[in-house]
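Chains as they are written, first to last, in UniProt numbering: chain A, 1 to 355; chain B, 1 to 306; chain C, 1 to 355.
These are calculated hints, taken from the structure and not from any lab test. Incorrect hints may have been included.
To be verified - Simulated coverage check for chain C against chain B, where a stretch passes if three residues somewhere in it have a Cβ under 8 Å from a Cβ of chain B: (1) 82 to 88; (2) 97 to 104; (3) 109 to 116.
Cβ atoms here follow ideal geometry from the backbone N, Cα and C, with glycine treated the same way.
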Amino acid sequence: MPHSPSSDPATSATPGVPADRPAALSVEGLGVTVSSGRLTAVRDVSFTVGRGEAVGLVGESGSGKTLICRSVLGLLPPGCAVSEGEISLADEALTGLSRREWDRVRGTRVGAVFQDPASYLNPSLTVGRQLSEVLRVKLGLDRARAAERTVELFAAVGLHDPAEVARRHPHELSGGMLQRVLIAVAVACAPDLLVADEATTALDVVVQAEVLELLARMRAEHDLALLLVSHDLAVIAEVCDRILVAYAGELVEDGPAERVLNDPLHPYTEALLRVATVDDWERRELEVIPGAPPEVGARLPGCRFADRCAFTAPECLDGPVPLRETADGRRVRCVRGEELDLSRAGAHGAREVAV
Amino acid sequence: MRTLRRAWRPAYAKVALLVLLAIALLAVFGGWLAPHDPLAQNPRNMLRGPGPGHLLGTDYLGRDVLSRLLEGSGRSVAGAVEAVAAAMAVGVPAGLASLWMGRVGEWIAQRAVDALMTLPFTVFAIAVVGALGNGMHQAMLALGVLYAPLFFRMTRAAALSLRHAPYVESAELFGASVGRVLRIHIWSKVLPTVIVTAAHALATCLLVVSSLTFLGVGVQPPAATWGGMLATDLGFLTQQIWAPVFPAALIVITAGALNVLADAVRDAGADELLPGGAPDPAAGAPAATDSPDTTKERADAALPVV
Amino acid sequence: MSGLLEISGLAVAFGRRGARPVLDGVELSVGEGEIVGVIGETGSGKTTLARTAVGLVPARSGRVVFDGREISGLRGRALRAFRRSGRLSYAFQDPLRALDPELTVRRAVAEPLAVAGDLDGAEIAARVDEALETVGLDAARLGDRLPGAISGGQRQRVLLARAIVTRPRLLIADEPVSALDASNRNRVLRLLDRLRTERGMAVVVISHDLSSLAGIADRVAVLYRGRVVEQGPVREVFGRPLHPYTALLIASAPSVRAEGGPGAAALRPSAEPPAWTAREGCVFAHRCPFVIGSCRTAPASGPVGEGRTAACHRVPEWHGLVATAQGPPELVAAAGETHKEAGRPPALSRTSEKG
Chain A
1 MPHSPSSDPA TSATPGVPAD RPAALSVEGL GVTVSSGRLT AVRDVSFTVG
51 RGEAVGLVGE SGSGKTLICR SVLGLLPPGC AVSEGEISLA DEALTGLSRR
101 EWDRVRGTRV GAVFQDPASY LNPSLTVGRQ LSEVLRVKLG LDRARAAERT
151 VELFAAVGLH DPAEVARRHP HELSGGMLQR VLIAVAVACA PDLLVADEAT
201 TALDVVVQAE VLELLARMRA EHDLALLLVS HDLAVIAEVC DRILVAYAGE
251 LVEDGPAERV LNDPLHPYTE ALLRVATVDD WERRELEVIP GAPPEVGARL
301 PGCRFADRCA FTAPECLDGP VPLRETADGR RVRCVRGEEL DLSRAGAHGA
351 REVAV
Chain B
1 MRTLRRAWRP AYAKVALLVL LAIALLAVFG GWLAPHDPLA QNPRNMLRGP
51 GPGHLLGTDY LGRDVLSRLL EGSGRSVAGA VEAVAAAMAV GVPAGLASLW
101 MGRVGEWIAQ RAVDALMTLP FTVFAIAVVG ALGNGMHQAM LALGVLYAPL
151 FFRMTRAAAL SLRHAPYVES AELFGASVGR VLRIHIWSKV LPTVIVTAAH
201 ALATCLLVVS SLTFLGVGVQ PPAATWGGML ATDLGFLTQQ IWAPVFPAAL
251 IVITAGALNV LADAVRDAGA DELLPGGAPD PAAGAPAATD SPDTTKERAD
301 AALPVV
Chain C
1 MSGLLEISGL AVAFGRRGAR PVLDGVELSV GEGEIVGVIG ETGSGKTTLA
51 RTAVGLVPAR SGRVVFDGRE ISGLRGRALR AFRRSGRLSY AFQDPLRALD
101 PELTVRRAVA EPLAVAGDLD GAEIAARVDE ALETVGLDAA RLGDRLPGAI
151 SGGQRQRVLL ARAIVTRPRL LIADEPVSAL DASNRNRVLR LLDRLRTERG
201 MAVVVISHDL SSLAGIADRV AVLYRGRVVE QGPVREVFGR PLHPYTALLI
251 ASAPSVRAEG GPGAAALRPS AEPPAWTARE GCVFAHRCPF VIGSCRTAPA
301 SGPVGEGRTA ACHRVPEWHG LVATAQGPPE LVAAAGETHK EAGRPPALSR
351 TSEKG
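Isolated chain A (complex conformation) (with noise of 0.2 Å):
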């Protein structure tokens, strides 16, 4: 998979920003309450979307990294509130929006694409409609304008015969081509800001692997920011620059996919990497993260990753540990970081010649 060459961090200023890149998204300080406020979730969240750049979060159940992608969206579930931080779009602050500015930015600032796309669309209504229907009321379009750039958007989402699709009810078209339909939605007023949870959770394999195309498609052709959230690092290696690495609702790695994925600091990072799909065929010992992850706002002293760390020290225990910067620009959330050698060629040099 190729990454862009300007997301290189020696050239970048701010952490995991590249210079030459203005911010699309920036998130910073989130908290995240869940059970009306009495359980913190998410904590201490702060990063950023380059324009243009594809950014992976990547965790496991109960990381946190859905109420963060629903927090940038402003679709919290129930129960559920931003208690601290600020989200901003390149230049307009999202946190405290009413509902009706949050309509207005969704769709048009910023899309989404979902794990379950039938049901965001409306089954009674064929989906040419219902893309024509935003087109009408976020552009102002008229009907046959409309129409056409509804089937404009079809094509260039590589669904065959968009005109004939655009008549088609929701239960009529297949998963992969309802996910197309949901991305040609979320790309019809040109947001700056492209947000997938799951989005190919749900598929099979071949369709996956075409949806994830598209949406790097997408990304190039549109100069689309796309934070691409998912629990297989896998997905997000096929199509991320950057990888945001969540563990229990905090944020514990970041850095240019291709050196989060060949020498992680964070030692979660790392044991996500050895369970993570790889193009291994032999018989093997599959590996496994020891524990389970802690409950949701559990309170835990220190490294929250510390009892299913292999590498725990007695300092990681002394206290919350910040996210630091290190010396090439990327973030970790782990006070031995730099110390352990978790590289492939260090730790699992030995799995990478079996290849």
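Using the hints, position chains B and C against chain A.
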């Protein structure tokens, strides 16, 4: 079962239960508590309002209303319970069986129920009374048969989604008998539906008794029932405005308490279906807040896609 | 060769006569203590195959022979007796729905033994604890919880405990890992592997994840639209696929190895497929880039080399065709791919499962 346990929790369910308990006591001991002979007529003291001597007044034949209500409560409640019990005895097993009888059996059961539902109520009641003789039990049996399709349908609908639930199939794959499947996996989930239906049916039966009496079917005058008293007293509304109030109040209170209880059972059942499994702290927040299968969380259905 | 489970000429059809069969001419053999993987996309008939094998779905034709005895014809008392023996068990796909929400973990696991009725209460309790321990669950802590109160990974393991409590000789596990994240997925697959080595239990496992499957399976069968298009030892099938669909599946699987790249584009048809492919001939013809006239007749599943079968008219010459288009003959691994190539709209949309 969990649904039923949860149903007792709200305060209104407890109040309704207390009311029903009081009515059950009235039904059993009402006759003994009657201060006067419920059948003693007094032509000089007709259609009196509440007052000393006759606490709730007298009816058009000068009989003591309080005594008649107390004496009649057993008959009214027993009648309604009898009718509903008959309906359940026919409808519930048939409803469950229709799902395990194979296609032919299912078809026959469905058509039989359709046929029952088309029967005109009064004609059927008169026919049954004609065939079996006039009396309370015969009339209630007729009522029970007419209510059976309701129980059949409700039970069947509740069990239908469970018939091919993976855990039922799984039990069958281990060789579980139909009886075992019904007992372990189906019955406890169908029971709340049956109870809700029974409560509604009981409330209607209390009222229907009066319309039967009106037709001269079922309970024979001068025996008192709430429904019967209400029906006759309505005729004297112009002379004595108080007359229908007390039987009507008893019927309304009983029916209301039953409906409240039924609602409590239904609400407890609905809670269970909420995403995240209701306010069950053991369910654990991690599953509810963030999982790869976010399909279950439709909280975001407000997305401005369409 | 006579295995523990022999499925031959199996056909299954739902609905009206003349409807396309869900399974057609399926042959599958599972030996003692062997792990066989079954892969294929949604609608390929994987689940129907598993359900027909255990007798939940009636076969239109064909035989299912288990341990020398034809079980597809069992009825009434004989069927119940066979089922109560617990020698063949089936782990359902969706652990949340496959467990009665009102039965505690312990009761759910005990149910198969209670149904069989040849053990007393104390023996059943001991076997239940043993089964829970085998799958790595703490019986004391979780035994009295309801399915709604445990995590997804734990539910999956309860389902497996329920399936193995009767000490079956063959376990058919339907997508036991598709709802799990990578670490839990590996944990469950490892468990299946251990059951095989420790108890000699044979396993048929339906899975999407090719690489982790390869880690434990001996053989694999690839299903496409109701037919087994390829079957053989897992490392050979994945390492050098004989059927174009298998190759496409493998090329589409996401991977954390950035250098590999999907290469799937080379295996998708670049031109419009012939009109006849939607209705007749080889089931894969409508998505096959190597389709020729003779594909109009459905290819028989023929032996190709040691222990392998493939149903394709163009084995092995299509390998050469990939090579001419993409470079070295090692096809997939080497078929480098860029996003520009991926952007061929018409080709991407041939993903409808509706046929």
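Structure-based check of all given hints:
1. 82 to 88: holds (count 4)
2. 97 to 104: holds (count 7)
3. 109 to 116: holds (count 4)
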